[in-house]
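Reading the sequence shown from the start, the letters are residues 25 to 127 in my numbering.
Check each hint, because a few of them may be wrong.
Think about it this way: if two alpha-carbon atoms lie no more than 25 Å apart in a straight line, the pair counts; the simulated BS3-like pairs of lysine-lysine are [as the list claims (entries may be wrong)]:
1) Lys33 x Lys108
2) Lys108 x Lys67
3) Lys111 x Lys49
4) Lys49 x Lys104
These are computed hints drawn from the structure, not numbers from a lab.
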Amino acid sequence: MKKVTIEIKIESTAHRIDYLLLENKNLNPQTHFRFINGDWVAKLSDFPIDNDYDLDVLIIAIGNPMTTSVMSVTIDGISKGTFKLYKPFNKNGYGQFNQAIPV
Numbered sequence: 025m026k027k028v029t030i031e032i033k034i035e036s037t038a039h040r041i042d043y044l045l046l047e048n049k050n051l052n053p054q055t056h057f058r059f060i061n062g063d064w065v066a067k068l069s070d071f072p073i074d075n076d077y078d079l080d081v082l083i084i085a086i087g088n089p090m091t092t093s094v095m096s097v098t099i100d101g102i103s104k105g106t107f108k109l110y111k112p113f114n115k116n117g118y119g120q121f122n123q124a125i126p127v
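All chains, full assembly: derive it from the sequences and hints.
This is how it looks when you write it as structure tokens:
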């Protein structure tokens, strides 16, 4: 098992982060995300990654219906890219980021 430092940024078009699941670990989004310079930012140090060497991410965010948002992920200081919501925020304002990001 490898331990990494993860930084996740989500654009402010997401008004709130409702659910955070990383590597099958259900984490409290209110504990980990802070609103910094117009983005939702989570920084996790020494986070364990399973032996498949990818970061499994499921984040449920809330925003204006039919708009979208972008998430960027950095692992150990290396940008792993930007990712759009799976689909635009639905009529109730919910949207999800669902990714397996290679470490």
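Now for the hints, and whether the structure bears them out:
The hinted pair formed by Lys33 and Lys108 meets the criterion: a straight-line CA distance of about 12 Å does not exceed 25 Å. A distance of roughly 19 Å separates the Cα atoms of Lys108 and Lys67; the hinted pair therefore holds under the 25 Å criterion. With a C-alpha separation of about 23 Å, the suggested pair Lys111 and Lys49 falls inside the 25 Å cut-off, and the hint holds. With a C-alpha separation of about 20 Å, the suggested pair Lys49 and Lys104 falls inside the 25 Å cut-off, and the hint holds.
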